[in-house]
Amino acid sequence: MNIIKGHWGKYTYFAGLSIVAALGNMGVVYLINRIINDFFTKAIILPTVYLLYFVASLAVFVVSRWLVSIGIIRFTQGLLQRTRREVLLMILRSSFTSLTRNKSRIYTALTRDTDNIVNASINLVDILTNVVIVGICFIYMATLSWKLLLCMLGLIMFTLAIYFFSVKRAEELFKQALGHNDTFVKYLNEILRGFKEITMEPAKGAEIAGTHIENAISGASTLNQKAQINFLNNRIIGQIAFYVFIGLVMLFLGNMFGISKGVLVNFIFLVLYIWSPIETVVLLIPNLSQASTSLKRLTELEDQMTGTLPEEAPPIQAIPRFERLNMTNICYEYRPEENNDEPGFGIGPVSFNIEKGEVVFICGGNGSGKTTFINILTGILPHDTGDILINNRPALSTRTTSYRSLFAPVFSDFHLFDQFYGVQDVDSKKVTTYLQLFEIDNKVKVEDGKFSTINLSTGQRKRLALICAMIERKPVLILDEFAADQDPHFKRKFYTKIIPFLKDEGFTLVAITHDDNYYQCSDRLYKMDTGRIYDISEEKYSPSWNNISYE
Numbered sequence: 205m206n207i208i209k210g211h212w213g214k215y216t217y218f219a220g221l222s223i224v225a226a227l228g229n230m231g232v233v234y235l236i237n238r239i240i241n242d243f244f245t246k247a248i249i250l251p252t253v254y255l256l257y258f259v260a261s262l263a264v265f266v267v268s269r270w271l272v273s274i275g276i277i278r279f280t281q282g283l284l285q286r287t288r289r290e291v292l293l294m295i296l297r298s299s300f301t302s303l304t305r306n307k308s309r310i311y312t313a314l315t316r317d318t319d320n321i322v323n324a325s326i327n328l329v330d331i332l333t334n335v336v337i338v339g340i341c342f343i344y345m346a347t348l349s350w351k352l353l354l355c356m357l358g359l360i361m362f363t364l365a366i367y368f369f370s371v372k373r374a375e376e377l378f379k380q381a382l383g384h385n386d387t388f389v390k391y392l393n394e395i396l397r398g399f400k401e402i403t404m405e406p407a408k409g410a411e412i413a414g415t416h417i418e419n420a421i422s423g424a425s426t427l428n429q430k431a432q433i434n435f436l437n438n439r440i441i442g443q444i445a446f447y448v449f450i451g452l453v454m455l456f457l458g459n460m461f462g463i464s465k466g467v468l469v470n471f472i473f474l475v476l477y478i479w480s481p482i483e484t485v486v487l488l489i490p491n492l493s494q495a496s497t498s499l500k501r502l503t504e505l506e507d508q509m510t511g512t513l514p515e516e517a518p519p520i521q522a523i524p525r526f527e528r529l530n531m532t533n534i535c536y537e538y539r540p541e542e543n544n545d546e547p548g549f550g551i552g553p554v555s556f557n558i559e560k561g562e563v564v565f566i567c568g569g570n571g572s573g574k575t576t577f578i579n580i581l582t583g584i585l586p587h588d589t590g591d592i593l594i595n596n597r598p599a600l601s602t603r604t605t606s607y608r609s610l611f612a613p614v615f616s617d618f619h620l621f622d623q624f625y626g627v628q629d630v631d632s633k634k635v636t637t638y639l640q641l642f643e644i645d646n647k648v649k650v651e652d653g654k655f656s657t658i659n660l661s662t663g664q665r666k667r668l669a670l671i672c673a674m675i676e677r678k679p680v681l682i683l684d685e686f687a688a689d690q691d692p693h694f695k696r697k698f699y700t701k702i703i704p705f706l707k708d709e710g711f712t713l714v715a716i717t718h719d720d721n722y723y724q725c726s727d728r729l730y731k732m733d734t735g736r737i738y739d740i741s742e743e744k745y746s747p748s749w750n751n752i753s754y755e
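The numbering used here numbers the first residue of the sequence shown as 205 and each following residue consecutively.
Everything labelled a hint here was simulated from the structure, so no lab data went into it. Bear in mind that the values here come from a model prediction, so they are computed numbers and not experimental data. For every residue, glycine included, the Cβ atom is placed at its ideal position computed from N, Cα and C. There's no promise every hint is true.
What the hints assert, rightly or not - Cβ pair distances, simulated, as ranges:
| hint | residue 1 | residue 2 | range |
| --- | --- | --- | --- |
| 1 | G653 | N419 | 42 to 50 Å |
| 2 | E676 | N721 | 27 to 35 Å |
| 3 | Q281 | D739 | 40 to 48 Å |
| 4 | N721 | Q285 | 51 to 59 Å |
| 5 | V259 | F456 | 37 to 45 Å |
| 6 | D739 | T700 | 17 to 25 Å |
| 7 | T657 | L593 | 36 to 44 Å |
| 8 | G414 | E504 | 24 to 32 Å |
| 9 | L487 | T415 | 46 to 54 Å |
| 10 | Q281 | T700 | 55 to 63 Å |
| 11 | Q285 | S661 | 34 to 42 Å |
| 12 | W479 | E504 | 12 to 20 Å |
| 13 | Q281 | E651 | 48 to 56 Å |
As the list claims (entries may be wrong) - No more than 27 Å apart at the CA atoms, straight line, and that leaves these computed lysine-lysine pairs for DSS-like:
| hint | residue 1 | residue 2 |
| --- | --- | --- |
| 14 | K500 | K560 |
| 15 | K307 | K351 |
| 16 | K351 | K430 |
| 17 | K372 | K430 |
| 18 | K408 | K307 |
| 19 | K731 | K678 |
| 20 | K731 | K634 |
| 21 | K678 | K701 |
| 22 | K351 | K390 |
| 23 | K500 | K379 |
| 24 | K560 | K731 |
Between the sequences and the hints, there should be enough to build the whole structure, so can you do that?
Now the structure itself:
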């Protein structure tokens, strides 16, 4: 991520206007010095001429300063939009695994980090402008007394050496403080997600706040204070150095170098004048330091979120008609984050087949690997080894849009959107038919391509999620514990009425389920056990499972 690239024209424009404003300001300073010289040399002072020069200089300063300020305001907001869009696109391009691992850092990246970077882009203009102003003043001061200028430059170099010596330490403190901000966001989200449980037992929220959030807040505050105090100490050192220099000029250096009183006064006036631009540069350095830290964090985040993604393989040609999918010896191993003692988990080798129009159920105990398998099947997680064939042809990559377009999932932790995103020309009549079939037409309507409400029970919201999946018209529906949140009446209807309806509509169905009373509703039954999958289709007709009525 680069805040300079592509904006050199803007930066040059702002810097040019700022320099013009500075020249206008310098015109005023020059007039003051001329009047001082005229006073010491007893020359004739021409008020009218000086007044015209003063008005002209002031007009140049005001107009150019107003133009650059308006331009910077507009540019800053545009750059903020662009930076946040880049972070958003980075998120959309990232893998599921890297996104879940970096969720807390993403919030900080979209807020504080982007703000730091955008503010720094304007600070660069101010720094450049003030450096130019100081340079112009140095040239003017050299014409007055190059000896005094060399003495002052030596002092500036000495104070800057002290200043920059502590900058790296401050940058490290800023980085640690941003790490505490990540922790703050993480546990704040924990409170927001679990607020229902916290309402029932406030001690949970108090413990989270006291154990994690309070430490994060105080830790970030302490580190930021230490960093800012470093810069404050350096600023005070610089102020003392300048005042010492002025005292030396007034008491010793002027006499030592044989400089006249008029030149001496002019020089001291310029020293006092350039102190403001120099101080401005010094004060902006902490902002640049914070921005540098934020930029490094964004770069690291981008590497982590996109570095695990291989270069996108050429997508397989669009599959006009799905016939079958074959998985052979698929293996996957979960890799915990670095420096994490959490044990790994894997599945495989797994072999699995789907034929068009089939209803396939997958059962198994908790932690057996069912959801992980579904995530691999749909391409959310990349398998490590093994082969996947679609219509007897190798799938070049499960990360291509064409592969994932085979599946319309309703996960156990599903998210329900309030409208049909990604679907063109939604058939409202078909949606109404589906709402009637799923027995929620009395609560939800379709208005302007979106649901009238999604404020429903979990089971009803899951029905809406399945309707959305059906409207996408993808060949394979993936359901993870769909019936777990349904009442007994609708659960029976789902297995005995809706599943046959889905087959008639041309869908292929893969469903994770524990409802052993309804295993007979599947064409094939698989069982997951400790990361392996077994075809137990013959067992679903075992007398130990109850036969069900289809009436």
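Hint check results:
1. G653 / N419: 42 to 50 Å: 47 Å, holds
2. E676 / N721: 27 to 35 Å: 30 Å, holds
3. Q281 / D739: 40 to 48 Å: 60 Å, violated
4. N721 / Q285: 51 to 59 Å: Check passed, 55 Å falls within 51 to 59 Å.
5. V259 / F456: 37 to 45 Å: Given about 40 Å between the Cβ atoms, the range holds.
6. D739 / T700: 17 to 25 Å: Since D739 and T700 have Cβ atoms about 24 Å apart, the given range 17 to 25 Å holds.
7. T657 / L593: 36 to 44 Å: Given a distance of about 43 Å, which is inside 36 to 44 Å, the answer is holds.
8. G414 / E504: 24 to 32 Å: At roughly 30 Å between Cβ atoms, E504 and G414 fall inside 24 to 32 Å, so the hint holds.
9. L487 / T415: 46 to 54 Å: Check failed, 37 Å falls outside 46 to 54 Å.
10. Q281 / T700: 55 to 63 Å: 58 Å, holds
11. Q285 / S661: 34 to 42 Å: Hint holds: Cβ distance 39 Å, inside 34 to 42 Å.
12. W479 / E504: 12 to 20 Å: Between W479 and E504, where Cβ atoms are some 38 Å apart, the hint is violated.
13. Q281 / E651: 48 to 56 Å: 34 Å, violated
14. K500 / K560: 49 Å, violated
15. K307 / K351: Judged against 27 Å, a Cα distance of about 59 Å means the pair is violated.
16. K351 / K430: 39 Å, violated
17. K372 / K430: OK: K372 and K430 at ~13 Å, within 27 Å.
18. K408 / K307: Judged against 27 Å, a Cα distance of about 22 Å means the pair holds.
19. K731 / K678: 25 Å, holds
20. K731 / K634: 35 Å, violated
21. K678 / K701: At roughly 20 Å apart (the allowed maximum being 27 Å), K701 and K678 satisfy the hint.
22. K351 / K390: 59 Å, violated
23. K500 / K379: 9 Å, holds
24. K560 / K731: 20 Å, holds
Hint compliance for this structure: hints 3, 9, 12, 13, 14, 15, 16, 20 and 22 are broken, all remaining hints hold.
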